[in-house]
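Colleague: Residue numbers (the numbering used here), protein chains in the order written: chain A, 1 to 442; chain B, 1 to 251.
Just so you know, not all the hints are guaranteed correct.
[Unchecked claim] With the C-beta cut set under 7 Å, the calculated list includes, among others, these residues of chain A facing chain B:
| # | residue |
| --- | --- |
| 1 | Tyr388 |
| 2 | Gln390 |
| 3 | Val394 |
| 4 | Asp395 |
| 5 | Met402 |
[Claimed, not checked] Residues of chain A clear of chain B, computed beta-carbon distances all greater than 10 Å:
| # | residue |
| --- | --- |
| 6 | Ala4 |
| 7 | Trp80 |
| 8 | Thr229 |
[Stated by the list, open to error] Derived list of chain A stretches under chain B, where covered just means 3 residues or more per stretch with a C-beta under 8 Å from a C-beta of chain B:
| # | region |
| --- | --- |
| 9 | 378-387 |
| 10 | 405-411 |
Don't read these hints as lab results, they were simulated from the structure.
Just so it is clear, the structure is predicted and the values come from calculations on it, not from any experiment.
Glycine included, C-beta positions come from ideal geometry on N, C-alpha and C.
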Amino acid sequence: MATANTSAYVDGYPEVVSLLCGQSLPWLQQQRADALLQLTTHGFPSLRDEDWRYTNVSAIDKKHYGVALKSASVAIDSDWLKTYQLADAWSLVLIDGYFSAELSNLNGLPEGVTVVSLAQAMQDTHYSALIEGRLNSAVESTENGFVALNGAYFVDGALIYISSKQVLAKPIQVLHIATQELAAINTRTLIVADELSEAQLIETFAGLDCAYLSVAVAEVFVGQNAAVTLHKVQVESDKALHFGGTYVKQARDARFRHDNFALGGLLARSDVHTDLEQASECELNGLYLGVKRQQIDNHTRINHLKPHGISRQLYKGVLDDKARGVFQGRVVVAEDAQKTDSQMNNRNLLLSNDAEADTKPQLEIYADDVKCAHGVTVGQLDEKSIFYLQSRCVDEETARNMLTFAFANEMVDKVKIKSLHDLILGQVLTRFPQEGINKEWL
Amino acid sequence: MLSIKNLHVSVGDKPILKGINLEIKPGEIHAIMGPNGSGKSTLSHILSGKSGYTVTEGSATYQGKDLLEMPPEIRAREGVFLAFQYPVEIPGVSNVYLLKAALNSIRKHHGQSEVDAMDFLTLVKGKVRLLEMDEKFLYRAVNEGFSGGEKKRNEILQMAILEPKLCILDETDSGLDIDALKIVSEGVNSLRSSGRSFVMVTHYQRLLDYIKPDFVHVLAHGQIVKSGGAELALELEEKGYSWLEDAEASA
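Turn these sequences into a full structure, and let the hints guide you.
Modeller: Pasting the structure below:
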């Protein structure tokens, strides 16, 4: 098995340096140089890496993806954009990785809340204290080749800061839109929620009908007793490659929830890592729907570092045709993390004989007084249920769609932001159509 | 309404029903009784279209049409209703959603327009009261977490709303306490009409105290070994099934 080649990205780097943000920050230049070195030395991950044993990334070798130029972006239809841009949220829009002030909606942000382009923030000393020391500190420098690629190459992104005791009235959305064929789009998002703040955040990834490479890294710092919910809605083009990582640091008593909807992309991989300090809680939810030849991978890692932490994970997958889904969940309970309470569940529904689900829950427990559980299922639709619905006048195809939809809808239902809920519900219903459905009754 | 002639049914190579003959006219209530393993449930399954059974001989004609040729949902839309012995739990699908999907399928099948949302709710809520159910049931997932009695009541609720012509009750009394049995029976009795027929499959005579059948048939070893009026059920209660099985064996 050949390893995907990084040389194009390493050799081509000097040509694109001028496009990158934060040129005036020496510490950032050092980090970028380190990342490039990491990419040069270790390359892209291969199937020999334990965390990548189910993810063959050689697809990136089949096409040459070049750094997107801002000037080459394709105009976007405003109705198309409305499908993804939530009307009742503040939104920061990135087109091919670059901030678009015209398309963003950041009016009326309360005092003490910052939502700004990362590239702009890096030119403003006002934000230096927020960025320096935090950027690249939640993500491990040796993480993987795609994080390294992102670290070297990111052109822009978002900085979101919620000051202490702020409770956001509206959600904040970072909307990533890809418009260019063969574009390599590297973005970085930095989220800082100070103590006792509360926020609902959304990352949405969508694209026009073209082949591109989207690499997005988000770092989230949840302060003491703060509560952050981050929704990731990945509806990339069905020709796109998506590598997304969310790296979280939770302070004492912090609560973090991640709702991960992986619906698009040809090959889409998502990593969610979080470190829990004393008595902090995290909830990681996921739904992945694969059709045709899609491969959708989800990898989570929860590090319980201190006592009394609570973690809950539920990932559900529906795989049809020749699609493949992967769930690798790893929970590490440090020696000091006594009284940890952790549950991990992964449920897969296979709709075709050629679909595949690979699931691997891992518990590493170094403490002796903990409660940890995990459960995994891979199954098919229940024939008894199908017959029951048929005996109630529902044709077989609709019955199958109703049951599949119901399986997936458990995850959709967890989303409490109405516009976001409707967006995701619409996407899921398109996959599993049911005639005359009344959304109010679901 | 329903005419079953010389019906033979196998599961795999094993014959279960060995020549059933049954005529059911509109408005009649027939009770099918018999010991465990006699083929009672197979009969209700084959009539409602459950897969896994092979008809090797004979026919079942429903309102002049070949019932056995129809897929289960077409039978249901044509007015055949099976009340399940073990109603299936369907997490994530609410009762009210299933009811509306079912009712609209029937209406579409008969060339009618979709039911108006307000009319539908009025209809459903009326039936809910009739069966002494809580309206909250409507918005819960189908049978999920329901007690045995609630599940059976839910079956009768569906029946009351879909207004079938031929109702097959498969062991409806199993798992019911006496109060639930009364409510379910009253629900069934309120649905009796000159145009609607019932086939009640039951092991015990108890249900027949509340729903009086016109005919009682005893099924043993895949055949109807005795038919009679309501009084036959009482005789079975007293003597058990063995005298009939013995009689059949010696015949």
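Colleague: Does each hint hold? Answer for all of them.
Modeller: Hints and how they fare:
1. A distance limit of 7 Å between C-beta atoms decides the matter here; for Tyr388(A) the minimum to chain B is near 4 Å, and the interface restraint holds.
2. With a least beta-carbon distance of about 4 Å to chain B, the hint placing Gln390(A) at the interface is held under the 7 Å criterion.
3. Given the 7 Å rule on beta carbons, the hint for Val394(A) holds: about 6 Å separates it from the nearest Cβ of chain B.
4. The beta carbon of Asp395(A) comes within 5 Å of a beta carbon in chain B, closer than 7 Å, and the hint placing it at the interface holds.
5. Here the hint on Met402(A) is kept, as its CB sits about 6 Å from the closest CB of chain B, short of 7 Å.
6. The claim that Ala4(A) is not at the interface with chain B holds, since no C-beta of that chain comes within 10 Å of its own (minimum 40 Å).
7. The beta carbon of Trp80(A) sits about 31 Å from the closest Cβ of chain B, which is more than 10 Å, so the claim that it is off the interface holds.
8. Distance check on Thr229(A): its Cβ is at least 22 Å (rounded) from any Cβ of chain B, clearing the 10 Å threshold; non-interface status holds.
9. Counting residues of the region 378-387 of chain A whose C-beta sits closer than 8 Å to any C-beta of chain B gives 5, which meets the bar of three, so the coverage hint holds.
10. Taking a C-beta to C-beta cut-off of 8 Å, the region 405-411 of chain A contributes 5 residues in contact with chain B, enough for the three needed, and the coverage statement holds.
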